[in-house]
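Novice: First to last, the protein sequences are chains A and B. The UniProt record's numbering applies: residue 1 is where the first sequence begins, and numbers increase by one. The UniProt record's numbering applies: residue 1 is where the second sequence begins, and numbers increase by one.
One or more of the hints may lead you astray.
For chains that are exact copies, the list does not tell them apart, and a pair is met inside one copy or across any two.
[To be verified] Result set (EDC-like, lysine to aspartate or glutamate): computed pairs, CA atoms no more than 16 Å apart in a straight line: (1) Lys233 / Glu216; (2) Lys108 / Glu85; (3) Lys367 / Glu272; (4) Lys45 / Glu216; (5) Lys369 / Asp262; (6) Lys367 / Asp262; (7) Lys344 / Asp112.
I should point out that these hints are in silico values taken from the structure, not numbers from a laboratory. From a predicted model like this one, the values you see are computed outputs, not experimental measurements.
2 protein chains.
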Amino acid sequence: MAPSFSYRPAPLNTIRPGLPNSRHFPERPIDTEITPAFSTMTVDKANVLLIGCGGIGTIGALNLEVGGKAAVTAVLRSNYEMAQEKGFHIRSCDHGLVEGFRPSSILKSVPDVEKECLKPFNYIVCTTKNIPDVPPALAELIRPAVTPGHSVIVLAQNGLNIEKPLISAFPDNIVLSGVSFCGSHEVESGEILHEDYDEIFIGPFHNPNVEWSAQEAAAKHFVDIYGAGGKTKAHFTADVGFSRWRKLLYNACLNPICALTDLDTGRIQLCEAGANSLVRPAMEEIRSAAAACGFDLPAELVDFMLTLDPIQMYNPPSMQVDLRKGRFCEFENIVGEPLREGLKHGVPMPTLTVIYNMLRCVQWRMKEKKGLVEIPPHKDFTNTK
Amino acid sequence: MAPSFSYRPAPLNTIRPGLPNSRHFPERPIDTEITPAFSTMTVDKANVLLIGCGGIGTIGALNLEVGGKAAVTAVLRSNYEMAQEKGFHIRSCDHGLVEGFRPSSILKSVPDVEKECLKPFNYIVCTTKNIPDVPPALAELIRPAVTPGHSVIVLAQNGLNIEKPLISAFPDNIVLSGVSFCGSHEVESGEILHEDYDEIFIGPFHNPNVEWSAQEAAAKHFVDIYGAGGKTKAHFTADVGFSRWRKLLYNACLNPICALTDLDTGRIQLCEAGANSLVRPAMEEIRSAAAACGFDLPAELVDFMLTLDPIQMYNPPSMQVDLRKGRFCEFENIVGEPLREGLKHGVPMPTLTVIYNMLRCVQWRMKEKKGLVEIPPHKDFTNTK
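All chains, full assembly: derive it from the sequences and hints.
Specialist: Set out below in structure tokens:
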């Protein structure tokens, strides 16, 4: 099925006034030379499987489809029927108003490539949440779709050490890191509100079993097909660690603090106790932990990240949305791993220690609500029965 | 109006099995010699004004009335009509089932003793929350009812330094401290659920303008009238600071951690991250701060306080109830003051620093909801309008 949808482009000036042109300032120098890799794919469209078509995944699918260099098979769960019937309704700062968007193909579950005799996937793009403390593990989820030694796995997910279980499960496959600040969420089933434009940094996680040149070529090719539509900026980066630590300033600090206090990124800037007594100290702890791990995050990034979302957007970051919706929270890779890395190097991280343990409590509560934790029954202590 | 209500006593053994006889173990030696003070009052009933008739206040009024040595005038707000019509319905671990309870007199607002030519109050018992960051201040609220140099003000409220504004507003009045662990809340208007029995420690805050012997006599007299019904244990303590710091182990630690994670005191014991990674470190910080201020809280108090509420009671402490009900949270005196005292003495308090700042954020959110904080309007950033 070819993708078909009505597309009303955004006004030319989609860059918000007062914001730097790159969301990734100050980023390391960008390698702009894109050498086409996987030359057979440039003739045929790349065969892309996309897991998770929520706010971020749908914008990813749209970017890949509008570029014309990829055909996306999306695996949907709760919104499958809706997407079948009428497609996605998207209001996007990058794409304008898009109605009835459907990827080339949609599925209800991860396909089994071998059993179903499908054409192997060139890329398997994972945009789902990464919640290692709640099964199933991502590697097991995607296993039936992965062709060993062939499919490139793209982790458009946050946090540290997320590649480790994937490389361990698929030792001969390339695993790429995708880091963007794309602010987009599904306000209701099929309704996508994309307010913070997409700019993505892509590079290989180092898989010691695969030639580096192949990993680099795969990353550059994915940059090419992802950015081909011209609606988003896709960059190659050889320094995945830097871009991941850099994003943790936002994600390990602003994100959970907004979630735990239920103040969005606008209100947390307006509330002195939030911005100055919680977010800044947490960000300085991430800077120290990053430095101990060999990544020098410039001091001015703290202010940059704190004010990245304009106040009047009143943007609830992902963890806040998850808690409000009674969903599990993705915090082990985003807060737990950087905390463990920092502590391992002797960095004091008192603010993030408390935040991490509060997230564990909140997750425990969610697990209890969903029946994953059993507790003894309530007793009456009033002596009146 | 004489108090009238049906009273079905609790079974004889109201002490829960497995719990120590005193909720205040290990407490300092109790001064059991009660010398009657204010001898005129032992003939007439003490004229008591009680401010705040919620969960704690209603049990206080009941204790005073059943002892027969006090006539209580209660100031009610939201539950005034209900109390007028049918009185309080109380299920109590100390008193059993009590139906249609009304104090001797009920009022809608704090009376003006001088203007209304009322008999001066011997005691003004304050059981309202103490929220210095949200006006009106308690001293201003009770001012019309206070007869200078006569009325004894009893602060049955938590935290540190709460007496300072009162002594400053009424320099010639005695101010008493009342510390109890009475676990009682109003589940709906007029419905009191009293699950954690009342045992109160009463002693004078030191007012340098009043003779110590008079302060001591007032405290001992109040102990006598409060405990006269035999349903509650009331003790005199000369060491108000110790009993207040001691209770902070529960109130500055368990209480806000339960509120912020929305796990009650049962669940927080079951959740390892709650009990061991948050509550215990916070309690050790309070112990260190108390020690720096001259109060030696024994190490075993940490376990005692953590397990004070039986798990299967699943008791939501006061701050958790307030947040759930969308009310302001009483945290400046309970968390802010001990934190400031500790930091002033150079005690590191990283856990409580984060907890305190989170509470400030949550209070800011509540203030915004109630219109006490104004924020700039929301803007649409999707470029689709």
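Novice: Could you work out which earlier hints the structure fails to respect and list their numbers in ascending sequence?
Specialist: 1, 4, 7
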